[in-house]
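So the protein sequences, as listed, match chains A and B.
Read the first sequence against our numbering and you will find it ends at 534, with the numbers running on by one and no gaps.
Read the second sequence against our numbering and you will find it ends at 803, with the numbers running on by one and no gaps.
None of the hints are false.
So the derived list for chain A, only partly shown, Cβ under 8 Å to chain B, looks like this:
1. R390
2. A421
3. D433
4. L443
5. E504
Okay, the calculated bits of chain A under chain B, using three or more residues with CB under 8 Å as the criterion:
6. 400-414
7. 444-458
8. 470-484
9. 506-516
10. 524-533
Label pairs and their computed distance ranges (CB to CB):
11. B:P580 <-> A:V472: 37 to 47 Å
12. A:Q494 <-> B:D586: 48 to 58 Å
13. B:D753 <-> A:R413: 26 to 36 Å
14. B:M685 <-> A:R423: 36 to 46 Å
15. B:D583 <-> A:R490: 46 to 56 Å
Derived by calculation from the structure, the hints in this document are not laboratory data.
In this text the structure is predicted, and so the values were computed from the model without any measurement.
The beta carbon of each residue, even a glycine, is placed where N, CA and C say it ideally should be.
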Amino acid sequence: MRRRFCRPPSLLDALPPRPGDLSETDAFDSLGIIASVAPAAPRRSLALHLPWLAAERRHVIGPWASWETERQQRRIVAVSPAAAAAGISPGQTLADAQAILPELTVEPAETLADLAWLRRLALWAQTISPLAAPNPPDGLLLDITGVPHLHGGEDALLHKVVQHLARRGLTVRAAIAGAPAAAAALARATPGRIVPPGAEAEALGPLPLSVLRLPAATAAALHRLGLRRVGDVLRQPRGPLARRFGAALTLALDAATGQHPTPIQPLRPPAAFLASREFLEPLITREALDAVLEVLLGQLCRQLATAGKGARRLLLLGFRVDGTMQALHIGTGLPARDPRHFARLFQPRMEKLEPGFGFERLTLEARFVEDHAAPQASLPSQGGLAAEARQEALAALLDRLAQRLPVWRLEPRESHIPERAVRRRDPFAAIADAAWPGQPRPLRLLRRPLALQVTAPLPDEPPIQLRHGSRVWRVQRAEGPERIEPEWWRPGPQPPFRDYYRVELTSGARLWVCRSGAVVPGETARWWLHGRFA
Amino acid sequence: MPLYPAPPPESPFDQPLDRPAVLAALQARIRRLERGGAAAEAAPIPLCDAIDRHLPAGGLARAGLHEVMAAEPGAAAGFCAMALARTEGTVLWIAAEPDAWPPGLSRFGLSAANLVLVQARRPADALWAMEEALRCPGVAGALLVQAEIDMTAARRLQLAAEAGGALGLLLRPDAAAEEAAPADTLRARGSGQAASAALTRWRVGALGSGGGGRHALGDPRWQLELLRCRGGQPREWQVTWQPAAGCLTVEGAEDAAPESRPARRRVPR
Chain A
1 MRRRFCRPPS LLDALPPRPG DLSETDAFDS LGIIASVAPA APRRSLALHL PWLAAERRHV
61 IGPWASWETE RQQRRIVAVS PAAAAAGISP GQTLADAQAI LPELTVEPAE TLADLAWLRR
121 LALWAQTISP LAAPNPPDGL LLDITGVPHL HGGEDALLHK VVQHLARRGL TVRAAIAGAP
181 AAAAALARAT PGRIVPPGAE AEALGPLPLS VLRLPAATAA ALHRLGLRRV GDVLRQPRGP
241 LARRFGAALT LALDAATGQH PTPIQPLRPP AAFLASREFL EPLITREALD AVLEVLLGQL
301 CRQLATAGKG ARRLLLLGFR VDGTMQALHI GTGLPARDPR HFARLFQPRM EKLEPGFGFE
361 RLTLEARFVE DHAAPQASLP SQGGLAAEAR QEALAALLDR LAQRLPVWRL EPRESHIPER
421 AVRRRDPFAA IADAAWPGQP RPLRLLRRPL ALQVTAPLPD EPPIQLRHGS RVWRVQRAEG
481 PERIEPEWWR PGPQPPFRDY YRVELTSGAR LWVCRSGAVV PGETARWWLH GRFA
Chain B
535 MPLYPAPPPE SPFDQPLDRP AVLAALQARI RRLERGGAAA EAAPIPLCDA IDRHLPAGGL
595 ARAGLHEVMA AEPGAAAGFC AMALARTEGT VLWIAAEPDA WPPGLSRFGL SAANLVLVQA
655 RRPADALWAM EEALRCPGVA GALLVQAEID MTAARRLQLA AEAGGALGLL LRPDAAAEEA
715 APADTLRARG SGQAASAALT RWRVGALGSG GGGRHALGDP RWQLELLRCR GGQPREWQVT
775 WQPAAGCLTV EGAEDAAPES RPARRRVPR
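Model the full assembly from the supplied sequences, consistent with the hints where possible.
In structure tokens form, the structure reads like this:
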């Protein structure tokens, strides 16, 4: 069925498909993924406009306004419905507003907090469609292509969204159109409107130009020319318009009419592999969450297995009844698709989910996916497991450890300075073995060298006695010095050279001690314990 | 009708009992029960001939936990590094502050490519990491640096090692001995007589090198004490680590002494 879009029907269509003949769309079909549904399907956008966002976010009662300082003038930026009814509108100076309505409550604007809150709302809106984006300062945009039939049509979807947000105490205006910009404009001007694809220009025609949210200078200039409605501007020849007002105006017009719709930039790109569940009764208990996670992992891993992929990173999203979203993520070092392995990685993290009044939807997404061949099932041989199985078990172990603790390997580095001779790498890195310097080196290197007081017969001679605090050790034998010079080719000031001695105490313990810098007469040399030999 | 049934003619009591064979079979059975079955079949890790002959497994048994008391931190780390290197696989070094340094470890045969370090500041995390590591069939050996460990935790580690087949080493530094300490402090304290779930318990201390002048250190010498050994007798050796040959050599006449018959297992308390 789908293949007919890809190539013209031919005799081949009558034949049964050969196993190797599966096209990419077929593969996606079998996965149950909505992949660019059909070439000709028009995109649909839902725009939400929250006119009282700032007031409703703060749950204000009565006349309220927020202000911000602009060119040394305090101007109103947001008002509550009660204040708007009294004639106060954004853009007025604060003094004017207070003169109109003396009992007005005023507060400084919190633009960033409003934006963050809008973003959280967009996260919740992902329950409607995975392609959701905030449309600052006071709107949301959703790509709902292929979604409305789940809710019984576009009308029902619109109604449902508005109702849901109204229950949370939010006034929302919504509209559906083909182009996102058209939907946003309609949501501001004629809420509740649903425009069929291709009819955007017609619908926008009678609306005032302000719905397009053009730059203030452009809007004022158009107003002076007598162009007050969108239709007026659309009727003008394009060339002179572009010459007079620049490309920005024509781009905005094209975006609104759907000639060149600007795509929605979703909050997070939709995952290619995801599994989700919705619940009539919100989930609260840990047992229920674990059970659902098991089901979701099973689904997701089947999808991954069909596509021959393995996931490097999984994201569990919990959508709460109160409209917030929580996320848990786990990472693996090698691509994997074993549900039990993922379940063990999720296990310690699950307690970080706070169900509150419960989750109404759980979604599991594979964010980073890599090719992963099916492991070959091997018979347990005489020597235990096969090499591949061991490698896999080790990778799984390192994943589990790395979820909780710092885990690393040490890679040799070209440097004479002991603390720079190795560097940390992630535990899955392949480390090449290096040839180390011929001089014996300690096998434990103190991360913080211990300051010592040292007695030496002559300043340049090996130490004969070490002291740390009140404890004294006599040196029986000493080898050295081995001078390690600073790396002059590195930028910045370098520490002075060090003279290292290998000393053996009377107890037999072998230590690596060093004196840093040249011996200056009259000053005590600085000595350090840096490592231990076997 | 006879009052008592006559004994069946082929009763085992009639035949002479093959006592050594029965004992050997029973011992083997007990060993299987103790060591969780198949795990015991893996080849043990050789230390050196004289010591291997004394140990019941013929070396440090894999799939088991071994305690190493550090009378001197450097020497004990060297002993552990040598044992880990001889497992010939990936090894984990778990500590609150892992200070293993590959340039020195490579002299004991432990390559940086096989070494994974895990930092676990809390003892509970460290024990968890050690247990997970020992259970994993992809791990050849794991070392845990931890001062105190209780009987239950040690038993858990022993069971995990039996399940996974890895060599588990428990390096127990002495708090007083941590700061470049001489060996004497430890003798009085952890004398190693406390009960433990580990298969063996060692104490490793350093000895001053015998020959050489004041300006040559020579090869490192260790005092190796086998304090406890399941199925074996305690004993001590003085050994020299020869980095060039990559082997331990035992000093003194003990080496030549004829080996006594296999020691009988002590009754655990």
